[in-house]
Structure formats: C-alpha cells, structure tokens
Amino acid sequence: MVLDTEGTQLDPASVDWDNPRGILLREPPGPNNPLGRMVFRFDNPFAVFLHDTPSQALFARAVRNVSSGCVRVEQADELADYLFHTLDNHQRDRIQQRMDSGKTHEIRVENGPQVLLTYWTAEGTADGRLRFTPDPYGLDAPLIRAYHQATGLQ
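Just so you know, the UniProt record's numbering puts 26 at position 26 of the sequence shown, and the rest follows in order with no gaps.
Honestly, the hints are just simulated from the structure, not real lab data. Beta carbons: idealized from backbone N, C-alpha and C, even for Gly. One or more hints might be untrue.
[Stated by the list, open to error] FRET-style restraints, in silico, Cβ to Cβ:
#1 9 x 127: 55 to 61 Å
#2 125 x 23: 25 to 31 Å
#3 57 x 99: 18 to 24 Å
#4 112 x 145: 34 to 40 Å
Kindly generate the complete structure, drawing on both the sequences and the hints.
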C-alpha cells in the first residue's frame, strides 16, 4: 500500500518511482506481514522497535541477524500478555477483538516498562574469562579506533 505522509492511500501509478518523495510504503495486516500480528513501539532515537514475525523458523537458526534493524520477538503473544497483565478481562477481550479484526490498531500501555537494547560483542564469563562474539553490524572497529585514539594505545 502506498500512502502519503498524512496516511492517505495513493495510486502507485501516480508516484514518480525514480524520485519518490513524501510517501510511505505499508504492507497491510495479515498472515504474511513481516511484522507479524503485533509491533511493540517504544521511545528511542533510532526508530527501532520489537515485532512479531510469521517467520518463526528463524529462531532456530544460530545466526539470526536477518532483520532490517528492528528486533523480532519469538513469543510476541507472551510479551503482550505480560504488558497487558494489569488490564482487566474486559480490556483484554477488547484487545483480542481488535487483533482478530485483521485491521491495524494502536494500543498504548500507560506507564509500560522501559526498554533498553544493548549490543555486546564481548562479555565476562562466570569463570573470569573474556568471551567474544561476532560483530555482524561492524560496530566494534570504530569503537576500538576511538579507544586507541583516546588512550594512545595501539
């Protein structure tokens, strides 16, 4: 679906695809939507969010950095249950009805939990050793260069 910045649906033939400006592309809800049945948005400067996925088989892979920057949630229903645990049965039923409608709805959780995403490629183990993991996003090299520059170490 092609939308303008106000959310009005546009005819794709009316868009200058060589120079597209002021448009949004949105895949409608449904079983093949890459975001799954639900998205968990939270304040952050990177437009990163958590989302369900119809591609549950990806969680069986050892290397799972296949998303476009957002974070797939393996058990999104359980996360939603946790977030909505303070709601009464009537509110939970309303949410379920909205999800079953097949339409997109936004449900805000007042005073919801704070989300902190971290990216670690090294960690200390319980036995005092240092364990390194792959750096699929290439963020270690600039950090190491900055460290060497700041400390004068090579």
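Hint check against the structure, violated hint numbers in rising order: 2
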